[in-house]
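Enquirer: Add chain B to chain A, keeping to what the hints say.
There are 2 protein chains.
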Amino acid sequence: MNSRSNTFNQQLQSAWASQGSMLCVGFDPDPKRLPSALQGKPEGIFEFCREIADATADLVCAFKPQFAYFASQRAEAQLEKLIKHLKEKYPHIPVILDSKRGDIGSTADHYALEAFERYGADAITVNPYMGFDTIEPYLKHAGKGVIVLCRTSNPGGSDLQFLNVSPDGQPLYLHVAKLAAQQWNSSGQISLVVGATFPEEIAKVRAIVGEMPLLIPGIGAQGGDIDATVKAGAIPNKPGTGMIINSSRAILYASSGSDFAEAARAVALNTRDALRAAAAKSFY
Amino acid sequence: MNSRSNTFNQQLQSAWASQGSMLCVGFDPDPKRLPSALQGKPEGIFEFCREIADATADLVCAFKPQFAYFASQRAEAQLEKLIKHLKEKYPHIPVILDSKRGDIGSTADHYALEAFERYGADAITVNPYMGFDTIEPYLKHAGKGVIVLCRTSNPGGSDLQFLNVSPDGQPLYLHVAKLAAQQWNSSGQISLVVGATFPEEIAKVRAIVGEMPLLIPGIGAQGGDIDATVKAGAIPNKPGTGMIINSSRAILYASSGSDFAEAARAVALNTRDALRAAAAKSFY
Numbered sequence: 001m002n003s004r005s006n007t008f009n010q011q012l013q014s015a016w017a018s019q020g021s022m023l024c025v026g027f028d029p030d031p032k033r034l035p036s037a038l039q040g041k042p043e044g045i046f047e048f049c050r051e052i053a054d055a056t057a058d059l060v061c062a063f064k065p066q067f068a069y070f071a072s073q074r075a076e077a078q079l080e081k082l083i084k085h086l087k088e089k090y091p092h093i094p095v096i097l098d099s100k101r102g103d104i105g106s107t108a109d110h111y112a113l114e115a116f117e118r119y120g121a122d123a124i125t126v127n128p129y130m131g132f133d134t135i136e137p138y139l140k141h142a143g144k145g146v147i148v149l150c151r152t153s154n155p156g157g158s159d160l161q162f163l164n165v166s167p168d169g170q171p172l173y174l175h176v177a178k179l180a181a182q183q184w185n186s187s188g189q190i191s192l193v194v195g196a197t198f199p200e201e202i203a204k205v206r207a208i209v210g211e212m213p214l215l216i217p218g219i220g221a222q223g224g225d226i227d228a229t230v231k232a233g234a235i236p237n238k239p240g241t242g243m244i245i246n247s248s249r250a251i252l253y254a255s256s257g258s259d260f261a262e263a264a265r266a267v268a269l270n271t272r273d274a275l276r277a278a279a280a281k282s283f284y
Numbered sequence: 001m002n003s004r005s006n007t008f009n010q011q012l013q014s015a016w017a018s019q020g021s022m023l024c025v026g027f028d029p030d031p032k033r034l035p036s037a038l039q040g041k042p043e044g045i046f047e048f049c050r051e052i053a054d055a056t057a058d059l060v061c062a063f064k065p066q067f068a069y070f071a072s073q074r075a076e077a078q079l080e081k082l083i084k085h086l087k088e089k090y091p092h093i094p095v096i097l098d099s100k101r102g103d104i105g106s107t108a109d110h111y112a113l114e115a116f117e118r119y120g121a122d123a124i125t126v127n128p129y130m131g132f133d134t135i136e137p138y139l140k141h142a143g144k145g146v147i148v149l150c151r152t153s154n155p156g157g158s159d160l161q162f163l164n165v166s167p168d169g170q171p172l173y174l175h176v177a178k179l180a181a182q183q184w185n186s187s188g189q190i191s192l193v194v195g196a197t198f199p200e201e202i203a204k205v206r207a208i209v210g211e212m213p214l215l216i217p218g219i220g221a222q223g224g225d226i227d228a229t230v231k232a233g234a235i236p237n238k239p240g241t242g243m244i245i246n247s248s249r250a251i252l253y254a255s256s257g258s259d260f261a262e263a264a265r266a267v268a269l270n271t272r273d274a275l276r277a278a279a280a281k282s283f284y
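From first to last, the protein sequence lines are chains A and B. In this text, residue positions in the first sequence follow my numbering: the first is 1, and each later residue adds one. In this text, residue positions in the second sequence follow my numbering: the first is 1, and each later residue adds one.
Same shape as in the complex, but just chain A (with noise of 0.2 Å):
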C-alpha cells in the first residue's frame, strides 16, 4: 500500500483498522526534560523524538509534532527530519504538524506550503476565529486534512468557546462545530480538535458532526477520562474509529532516565489498551 497517494482520511480509517489504536502520540519535546544523555546534543530533539516514535510506531493511529517546541529551539531543521524519518518508516501512520495557524488567505497559502510542502505534514491544525476563507487555502492541497479547533480543554477555553451565539442559542464551540460540518467541509477533508475535559462535549460534537474524525487533546497528563472521552466520541457501530486520541506529556517524559523510549512504550501501550476497552465497552 502506498499511503501517500492516500488522502488523510483515508490513512487514518486504514490506521484505526490496522494498528487496531486511536491513540496518537504528540511530541512535545521541551528541552529542559530531555534525557541527560540527549541534552545540548546538536540533534537531541530529533533523536528524542525519534527513538520514542521507533518505540510506539506500532501502537499508534497517527503522530503529532507540536509546532511551538522546535520554533522555540531554532530547530526546524529536526522537525523536518523528524517528519523525513516518520514518512519513509511508517508511511501508513499519517502526521499531524499541531501548529494552529490562523490567517487571512494569502498567508495561510504559505502556512499551507510550510506544513504541506516544505515538512510533508499529512495534516494541520487551524484556528477558526478569523473564518472560513483563513481555512480555505489549507483545502487546496487536495487530500490534506486540516484540522479545526473547536472546543479545548485549557482553563481559558470556554472564555469565548463557551459563549452562547445567537441565532441559535447554543456555545460557541458548536456554531463552529456545525459550520465545519454543514458548510465547509465539501472536500472531506476537514476534522475537528475536541478537548477530553468535558466528555459531555464531545458527545454533542459527535452528534453535529457525523462520521468526522475527532482530535482530542488532554488525556494524559491533562488528566481526561478515557472510558468517558471514548463512549462520548463513538461513532454508532463503529468501535475503535472517528477518534484521534493525542498523549504527550504521559508519554514522552515517562521516564528521564535513559530507558526513555521502552518506558514511553509501556505509558503508550498502557493507554492503547485502556482506549481498546474503552472502545470494545462502549460498543457492547
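Errors might be hidden in some of the hints.
Identical chains share a label here; the pair holds if one copy fits it or two copies do between them.
To be verified - 25 Å max Cα-Cα, derived SDA-like pairs, lysine to any residue:
1) Lys89 to Arg50
2) Lys81 to Glu43
3) Lys84 to Ala55
4) Lys84 to Ser72
5) Lys140 to Asp30
6) Lys32 to Arg118
7) Lys140 to Pro31
8) Lys140 to Ser72
9) Lys32 to Asp259
10) Lys89 to Leu113
11) Lys140 to Arg249
12) Lys84 to Ala37
13) Lys87 to Asp30
In case anyone wonders, no lab produced these hints; they're calculated from the structure. This one's a predicted model, so the numbers in the text were calculated from it and none came from an experiment.
Expert: Quick look at chain B alone, frame taken from chain A:
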C-alpha cells in the same frame, strides 16, 4: 535613548511622537514577487526587506514581519537577521512579529520564547479563541506587547467575529474588546487587531478600549479608507496616536524593478502623509 529598556507601549508612544507617523510597514516577502535581481539569491528575502526597511525607517512607527512568508521559504535565519538589523539600526522603532499564535499555556511558553528571545521582537500577534490562559504566557515577558486579534478585515472575518453573544447581545469581536480592556490588561501590555474594512467597527472598539493601541491592517492592497479609518480610531485630543496602521503589499511591491526600494519609499511617504492629513482632519 536606549529603547530596549522601554516597553512596547512606550516605544510606540515615542515613535508616534518622534516619527510623526502611524504607518507600519509589513514584511510579507512573497518569493514570486521579489525583484528579479534578488530572486533565488541565498539571502534574497532578507536583502529585499532590509532595503525596504532602510528606505522607509524615517516614515514609520513600527515594522511588522509576517512569519508565514519566512516559514514557507525555510527562511527563519533571514527573519532573525532582519529583526536583528532592525533593532540595531532603528532601536526606537518597535518590531511586531505577526504570527497569530494561539495554544495552551505550556506550548504558549515556547511561542513566547520564540518571539521574544529567539527573534527579539518587541510584540507578537495572538489569537483569542482559546482564551486568556493562552495569552497570559506572553504577558509574563515584562514590557513586551501582546496584540490580540479582535476584528479582522478578511471576507470570512464575520463568520465568527460577528456572531452576537449572550449575555450582552453584542458581536463576539466587541466581547473580545471588552475582555481585553477590562479583564486581561492589568499589565498594560495588550493591544488589539482591528481591520480597516469597516471603520464604524473601529469606532465601536475604540469606545470600549480607551487609549489601547490598535493595529489596523487592511489599508493599501486591502482597500481600506484612510480618512474614515483614522477618524474612527482616533483618541480624543491626541491626534496621530493610538493606531499602528499597516500596509504591506502596496509598499513592498510598488515596483518590481531595481528601483523597488525607492518606489516603496514613495508609497510609504504618500501613505504616511495621507495618515497625517487624516489625523489633522480628525482633530480639527
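Enquirer: Hint by hint, note whether the structure agrees.
Expert: To see whether the hints hold, each was checked on the structure:
no.: 1; hint: Lys89 to Arg50; in the structure: within (11 Å within a copy, 42 Å between copies)
no.: 2; hint: Lys81 to Glu43; in the structure: both (10 Å within a copy, 23 Å between copies)
no.: 3; hint: Lys84 to Ala55; in the structure: within (17 Å within a copy, 41 Å between copies)
no.: 4; hint: Lys84 to Ser72; in the structure: both (20 Å within a copy, 17 Å between copies)
no.: 5; hint: Lys140 to Asp30; in the structure: between (33 Å within a copy, 19 Å between copies)
no.: 6; hint: Lys32 to Arg118; in the structure: between (27 Å within a copy, 17 Å between copies)
no.: 7; hint: Lys140 to Pro31; in the structure: between (35 Å within a copy, 20 Å between copies)
no.: 8; hint: Lys140 to Ser72; in the structure: between (29 Å within a copy, 16 Å between copies)
no.: 9; hint: Lys32 to Asp259; in the structure: within (17 Å within a copy, 48 Å between copies)
no.: 10; hint: Lys89 to Leu113; in the structure: within (23 Å within a copy, 32 Å between copies)
no.: 11; hint: Lys140 to Arg249; in the structure: between (33 Å within a copy, 23 Å between copies)
no.: 12; hint: Lys84 to Ala37; in the structure: within (24 Å within a copy, 33 Å between copies)
no.: 13; hint: Lys87 to Asp30; in the structure: within (23 Å within a copy, 29 Å between copies)
Every hint from the earlier list agrees with this structure, and none is contradicted.
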